[in-house]
Amino acid sequence: MKSRDERNGLAEMGYILGLSFDFHDSAAALVKDGVVVAAGIEERFSRIKHDASFPRKAIEFCFQTAGVSPADIEAVAYYEVPMLKFDRILWSYENAGQRNPDYLDRTVASWLRYRKFEIRDRIFEELGIAKEKISYVGHHISHMSAAFFCSGFDAATIVTMDGVGEYETTSWGVGNGTKIQKLGSADLPNSIGLFYSALTAFLGFEVNEGEYKVMGMAAFGEPTYYDILRAMFRLEEGGGFLIDTNYFEFLTPKDIPYTDALVEVLGQPRDPKQHFATLEEDLPTGITGAEADAILAASKRYADIAASVQKVTEDVIFHVVDSAVRATGIKEVCLAGGVALNSLANGRLIRERGYSLYIHPAAGDSGSAIGAALWRACQGVGKRRSAPLTSPYLGTRCPRDEEIDQAISDSGFQLHGTFAPDQLPFEVARLLAEGNVIGWFQGNAEWGPRALGNRSILADPTRADMKKIVNERIKFREPFRPFAPAVMIEEVYKYFECPELRDGTSPEYFMLAVHRVLPAFRAVLPAITHADGTARLQVVDATSNPIFYSLLKAFKALRGVGVLMNTSYNLKGEPIVDTPADALRTFSYSGLDYVVLGNRIVSKDFAL
Amino acid sequence: MTQLNSKARTAIIFNPPADIPSPTSRQIADAFRFHTTGVNSLTVVAQVEAVPWIENYLPDIAIEDPGVLRSNNFESIVFVHPFKDPKFYIPPFEPSGWRPSAPRIRFYAIDANGRLLPAGREYDDQDAENMDAHIFNRLSKPEGEALYYFPYGYLFRYPGVGPTNQFGFRVPDDLSGFKNRDPEHKLVLCYGGSSGFSMFTLPHQMYTSVMEASLNKKALESGSSLRFTVLNFGQHGNVVMNSILTYVLFNFHLKPDFIVAHDGWNDIIYGMVQDPRLLKCGNFAYQNNLEGWSQILHGTQELQQTQTGTPFRPLSAAPAVLGQYFTRKRQFESMVRANGAQFIWGLQPNSFNKRHLHPLEATNIEAHEKNMPFIDVYRQAIPLFQRASEQLDKMDVPKLDLYEEFGKYGKDDYLFVDPVHLSPDGDEIVGRNYADVIANLCGLN
Chain A
745 MKSRDERNGL AEMGYILGLS FDFHDSAAAL VKDGVVVAAG IEERFSRIKH DASFPRKAIE
805 FCFQTAGVSP ADIEAVAYYE VPMLKFDRIL WSYENAGQRN PDYLDRTVAS WLRYRKFEIR
865 DRIFEELGIA KEKISYVGHH ISHMSAAFFC SGFDAATIVT MDGVGEYETT SWGVGNGTKI
925 QKLGSADLPN SIGLFYSALT AFLGFEVNEG EYKVMGMAAF GEPTYYDILR AMFRLEEGGG
985 FLIDTNYFEF LTPKDIPYTD ALVEVLGQPR DPKQHFATLE EDLPTGITGA EADAILAASK
1045 RYADIAASVQ KVTEDVIFHV VDSAVRATGI KEVCLAGGVA LNSLANGRLI RERGYSLYIH
1105 PAAGDSGSAI GAALWRACQG VGKRRSAPLT SPYLGTRCPR DEEIDQAISD SGFQLHGTFA
1165 PDQLPFEVAR LLAEGNVIGW FQGNAEWGPR ALGNRSILAD PTRADMKKIV NERIKFREPF
1225 RPFAPAVMIE EVYKYFECPE LRDGTSPEYF MLAVHRVLPA FRAVLPAITH ADGTARLQVV
1285 DATSNPIFYS LLKAFKALRG VGVLMNTSYN LKGEPIVDTP ADALRTFSYS GLDYVVLGNR
1345 IVSKDFAL
Chain B
31 MTQLNSKART AIIFNPPADI PSPTSRQIAD AFRFHTTGVN SLTVVAQVEA VPWIENYLPD
91 IAIEDPGVLR SNNFESIVFV HPFKDPKFYI PPFEPSGWRP SAPRIRFYAI DANGRLLPAG
151 REYDDQDAEN MDAHIFNRLS KPEGEALYYF PYGYLFRYPG VGPTNQFGFR VPDDLSGFKN
211 RDPEHKLVLC YGGSSGFSMF TLPHQMYTSV MEASLNKKAL ESGSSLRFTV LNFGQHGNVV
271 MNSILTYVLF NFHLKPDFIV AHDGWNDIIY GMVQDPRLLK CGNFAYQNNL EGWSQILHGT
331 QELQQTQTGT PFRPLSAAPA VLGQYFTRKR QFESMVRANG AQFIWGLQPN SFNKRHLHPL
391 EATNIEAHEK NMPFIDVYRQ AIPLFQRASE QLDKMDVPKL DLYEEFGKYG KDDYLFVDPV
451 HLSPDGDEIV GRNYADVIAN LCGLN
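Note that the protein sequences, when read in sequence, are chains A and B. The first sequence begins at 745 in our numbering and counts up one residue at a time. The second sequence begins at 31 in our numbering and counts up one residue at a time.
These are computed hints drawn from the structure, not numbers from a lab. Predicted, not measured: the structure shown is a model, and the values here were computed from it. Some hints here could point you the wrong way.
Quick look at which bits of chain B chain A covers, simulated, 3 or more residues with Cβ under 8 Å [unchecked claim]:
#1 187-199
#2 331-343
#3 398-412
Heads up, the beta-carbon is just placed ideally off N, CA and C, and yes, glycines get one too.
Input sequences plus hints: build the corresponding full structure.
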């Protein structure tokens, strides 16, 4: 007897393994019959932030989750086309205004040493999968696929913006059923992603890591450098744009991706060690007088630059997205690529344009592992669309109670208590209401850079001092960094100026859009209200994350607000915790007061 | 130790820049006096810019005309300059055409921490008299500052701040005289890592020397017939387990009266980054670079060490790290008490608990932490030091919590040369405080 799929003409497909590695955020994803079975980011397993190595552990995780071996893999899809990428590197060298032979030497040496030309061979050597089964998918097509095929939209405008893929830095197109058609692109050196990264470096932060900090810093400034920066872009009819390369070195960068010309117009770049404070109360202890004034003045300048960078970036994003929507006539929009993590821009696209957005929760290169696999699935027999990705909890599975108990026992920390499922939220809410900061570890790990209530650090958002406490004592990060709120769905519109949510795939479920906190509640929720009165909220309902939702309800019962401060469960420079042992180790070395592992609460006490 | 030949005709060339911080200047001046004591023929020259510095910090020394260098009669030349950059070893006021006759002259430098170091040449057996004392000394490279293999633990050669014995401890070679000492003669032995070794102090500045002087003064002032000898068995990198071995191998038979365990940093920092299994299953803490020794011995460099990259990351939870430290320390305590001595639980200080950093401390620490693989580990260890301090507070034992004590000091106090090693002023505080504890135990206060 034929299955329903077979009757519908959809033949069974085998497992397709999607891989991304060799640049940053290596990942693996396993797709079967159009469904994402498992997906893992290598850094979570290796514990090396942005790990770019071959994702052995992530693959192993995917195989274990699905109960398969390499022999069961029908196809492998790699997330970009290596030779095309290398072709671009050579082209860049040939076309650079000032050729930098060191760059070419280093790049070629790196490609040879790390065998970046031999992706198929390496996959074969690692997994024993025949080379004929391994295919390359274009970098931006991988991104587009991750966004569109997981969106649940039958048809959508798709826009990818990142640093650079093979040649493209921005591309747009239309998705329909199992098809994606590219309509246009902007190529290197015209890159909004690299522009943002260059200014991230200018502002003293690490590229590919500090972009969020620029977004956070922007709230403290005014876009007084907007005209200068905006003049560096020429927006073209149809969605393209050109960037003035006098200010940037994107083709063959040396140490820094900007030129002296940028320093001439913006002033000296920020020293990474320089304090940042725009308010006297944020100054480091003991700094007063002229030194304090100098820090405040310099910080204001840098905040103004950040605000200007953000505003120009939003201009370019709006230009590309609006143009693409005009071309397709479809207001359902899928965004992908690292720039799609610019939650300030995303919030504005939703509010001001009324676009129905879908953003893949791992919009960066790790998400391309899923994208490449889904693209490959849609090229195969049956060409089935994937189901909408409503859950970001694709990572390491929820540990069993015995595993949690073993980890607690190994750590030496004392158990505060074990609680029945209906009691746990009330006990945790009580601890939070007392001002404790809590590590919250539940269920499967999140896919993507956001902790969405399964590997989170939680705190009371109504306490004004909580932002400072968590930044300084728990996360050891810059004091200006904002924290996001998780809010139960019933209270979203009470506290936030948030347009109506579409469904469980709305960006607000994945903490991917910033909206304003309603003025009346900014003082009620000081720890999650950023300097400009906004917050990058995460909506939680009984379906999206039942236990987290229960906790929010319990907290509301105690403190009157169904909102919690939610930040990723990691320390500065560390990947998000993955296992109970990781969680307990991070607990050790931070100012966290308790950690909740499943239904166990662990205190900081231990006997010596 | 590196020392000047007292019989050699020696020229000292001062070339300090005008902006040396005051604590550094004091240390250089102190080091000049220490290292040149006993040198029979000493000629001091200085460039013009250095003269005010000498008048301020060494007002009693006579400065001669740099032209005396032309005589070429010198056998030793010492450059006093706080920079490591070798170009400063050649004085900018060098008389035209004069070049020191290098084969005959031994060159030295006194660095910013007061160490006497060979300049522009390798160490040799004239610099360190114990360099060839035993086989493992001889088999190691003659470097001025390096760890080397020893079958009972790891040793570190650190000459330049005064005498060390053949095992690298800042104690005399012959300790046999202490064995059958007078009961009124109290022997205090101190243990710890490089901070216990006191690597940035001259012999008279070591906390153990401060202790000894303070205890003998207290005894004298209180009319007691007690007298004290305090010996320093601190060794670079040592964890408590190493201190136990040192005690067993070198000290047990001396029947010391007091043992000071001045430690904490190494057990916690190394404990955090090492193989968790050894920590948990055997209470073994070890210096992470010992894994490199194993690779060398077995030719297994292709295998990964526990830490696979930098910066290092903590691999064990706090209870295991602190559990090892306190377990081993209790073991040490019980051995010491069984041997008839009193055991003083010390918790060493570090800069993270200092109220405010002195500007020079801030500069030094920043320079030290740059490219330091432990940089994140240092920061993450803070709650563990706090917890250790709390634990010590609860314990009814002879103790001294210097982690807490140093929290009282502010930006006017230059106590740390880096996050954990102390300046002479820092050692002075340590020595006085330990002396108070022992004086109390002896009824001297």
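* To do: Tell me, in ascending order, the numbers of any earlier hints that this structure violates.
  => The structure conflicts with hint 1 only, although it agrees with all the remaining ones.
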